[in-house]
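S.K.: For reference, the chains in residue letters:
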Amino acid sequence: MPRKPLKLAWGVRREGRSLWTRNAVRGVSVRGERRKTDSRIEWRAWDPTRSKVAAALLRTTGDPSKLLPQTGATVLYLGASYGSTCSHIHDQTCGAQNHHGGQVVAVEISPRAVRDLSELASLRPGLVPVLGDARQASQVAPYIRSQADWLHQDLSIADQAETFVRMAGEFLRPGGAGLLSLKAASERSSDGDDASRFAKAERILQDSDLELLERIEISQLEEQHVVFHVRKTDHSAQFTQTNAE
Amino acid sequence: MRIHYDWRLARVIDSEAAVVDEIAWSSKRSLGALADRLHDLQSGRMSPEARALSERFPEAVADAMGAMSDPDWPELDEDEQKLLSEASTRLAKRGVADAAGDFDRRLDMLSSATTELRASWTTNEARCVEWAGLFLAEVDLDGQRRVIPAAVAGADSMDSAATALGVSAPKHQPGETEWIALNAHASGVVALGERLRSTEEATRELARQYVPTLSLLLGPLGAARLVVLAGGRERLARMPSGSLQVLGASGAMAAHRRGAPPPKHSPVLFSLPQVSRSPRWVRGKIARFLAGKASIAVRMDHFDGEPWDEERIAEINQECENIRARFPKPPKRR
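Protein sequences, first through last, are from chains B and E.
Add 823 to a position in the first sequence, counting from 1, and you land on the number used in the working numbering.
Add 1265 to a position in the second sequence, counting from 1, and you land on the number used in the working numbering.
In short, the hints are calculated from the structure, not lab data.
Model, not experiment: these values are computed from the prediction.
Idealized CB from N, CA, C, for every residue including glycine.
One or more of the hints may lead you astray.
What the hints assert, rightly or not - These stretches of chain E come out as covered by chain B in the derived footprint (C-beta under 8 Å, 3 or more residues):
#1 1340-1347
#2 1476-1482
Said to hold, decoys possible - Here are the simulated SDA-like cross-link-like pairs (lysine to any residue), alpha carbons at most 25 Å apart as the crow flies:
#3 E:Lys1529 - B:Lys889
#4 E:Lys1347 - E:Gly1366
#5 E:Lys1358 - B:Asp1030
#6 B:Lys889 - E:Ser1334
#7 E:Lys1347 - B:Lys889
#8 B:Lys1006 - E:Ser1334
Work out the full structure, taking the sequences as your base and the hints as a guide.
M.R.: Rendered as structure tokens:
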């Protein structure tokens, strides 16, 4: 018996253990994923073993819809790689021909990955590919239209948590949500084993201006990774204080 | 006073957040022009409008991130968003095309192709020699090794291959399709050898041009391997010699983290005759010495130093000899 789909957001739904997003480009799969049509809407399978965001949606103990950006949001994606996760985020925030008016800025340093990413962008208006260093705010700033409502960082570098806190400080709007996919293998080996590297990152997030909402364990879907869900507090940015006065 | 700016607008803002002056990008907004602008902004340059304002207000501080958190900053309209989106895609494609101008990436392709070709040539050549040798029992598999693939590839039957190699005809003949397969395999080995030679030659040429001093010291192929393993010349130049020394010995390095003794040299350094032809007990000493010299050599190449000449290289090789002469006998076991 088919399970009743659970709506997580406008363009994302869950059926049992699988996730689907509303395909913004009909008839096209990004990485050969399954597609299906349900009452004239095409849905595209979102593989949780290939996407940490999808894994986090399945494993969170809280409300999974809180992990997703709203339609029409401004999204900053640091470490977009070949853009498979990006495409699903784009499905949700922009929709077909960007009728929601969203913006997904996808930053990636590898020209090989950006090559695929810009192919993706030519089919998906609203997706902005950036070839640049995701650790440097000045390389990202020219492309993003305003502060981001939603930020995801997925970089294979040391000091991922410090970078995330810094970039969230620059780009995340107060009240905006952020996801940090932390890869243990990228941190320095002098930081000890995986568990202590995760603990160190958790401490860095707790000591920052960001509010740590949840640490989501995604083992079995993605090994050696943990996703942190944070929120930027409404009063942490300076200018909102001056606004309120 | 501060200057906030993005690609379309620049403003001077005083301490009360009031706009003192502003200039908008007024000339024709084309895709190419915007892509150029975005490229300049990304490299940390100011927009022309921001520069004009900073001349008008020399005391104002330019803030590249200012527009981002400025609550009064005007939003992009729909056309501007579309233009930004298209321009950034174009700029990304331009950046992808520019990647070919990066010698690190070119050397990576060449050096990796060399390694892969060498591996597949070795496997295929060995199979070809064994295969032909199975039929031609009289062929000297060591002495004639180099000519066997070419002889089999150029023959039209096993008998003519035997004639070409100067041995008597085989006792058992391969079947018709079997011969076709053996012949094609041998042609493949010959072609693979050609490809290996030309790839190695191209790698040497690029390495001699890109890392001349390091190529002189370690040989161009070894130098290329080190650059590729380090992930680029810049990273190799900034690497301490202790890391350079064990580049490529990733397995041994991982074992070291779990408590094994540290690796003394990498496959790259070990393949140098100065190291591999030395007695076991001085290899570590020579590898350390050479790694130190190599890390200086690559810094010469990267930071525009004067390349070393043959004389300097000869001195270094002499020093390797001296180390060997100082330790003629293995250390006593306790």
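S.K.: Given the hint that lysine 1529 of chain E pairs with lysine 889 of chain B, test it: the Cα-Cα distance must not exceed 25 Å.
M.R.: Since the Cα atoms of lysine 1529 of chain E and lysine 889 of chain B sit roughly 52 Å apart, the hinted pair is violated (cutoff 25 Å).
S.K.: Has the given pair, lysine 889 of chain B with serine 1334 of chain E, been kept, meaning a C-alpha gap of at most 25 Å?
M.R.: 24 Å, holds
S.K.: Checking one constraint from the list: CA of lysine 1347 of chain E to CA of lysine 889 of chain B, max 25 Å. Satisfied?
M.R.: Violated, because 28 Å separates the two Cα atoms, which is more than 25 Å.
S.K.: For the pair we were handed, lysine 1347 of chain E and glycine 1366 of chain E, check the Cα-Cα distance against 25 Å.
M.R.: Violated, at roughly 30 Å.
S.K.: Checking one constraint from the list: CA of lysine 1006 of chain B to CA of serine 1334 of chain E, max 25 Å. Satisfied?
M.R.: Violated - the C-alpha atoms of serine 1334 of chain E and lysine 1006 of chain B are around 30 Å apart, more than 25 Å.
S.K.: Does aspartate 1030 of chain B lie within 25 Å of lysine 1358 of chain E when you go C-alpha to C-alpha?
M.R.: 40 Å, violated
S.K.: At least three residues with a C-beta closer than 8 Å to a C-beta of chain B: is that true for the segment 1340-1347 of chain E?
M.R.: Check passed, 5 qualifying residues.
S.K.: Examine the segment 1476-1482 of chain E: at least three residues should have C-beta closer than 8 Å to a C-beta of chain B.
M.R.: Coverage by chain B is violated here, the residue count being 0 at a Cβ distance below 8 Å.
Figure legend: structure checked against the earlier numbered hints; hints not met, in rising order: 2, 3, 4, 5, 7, 8.
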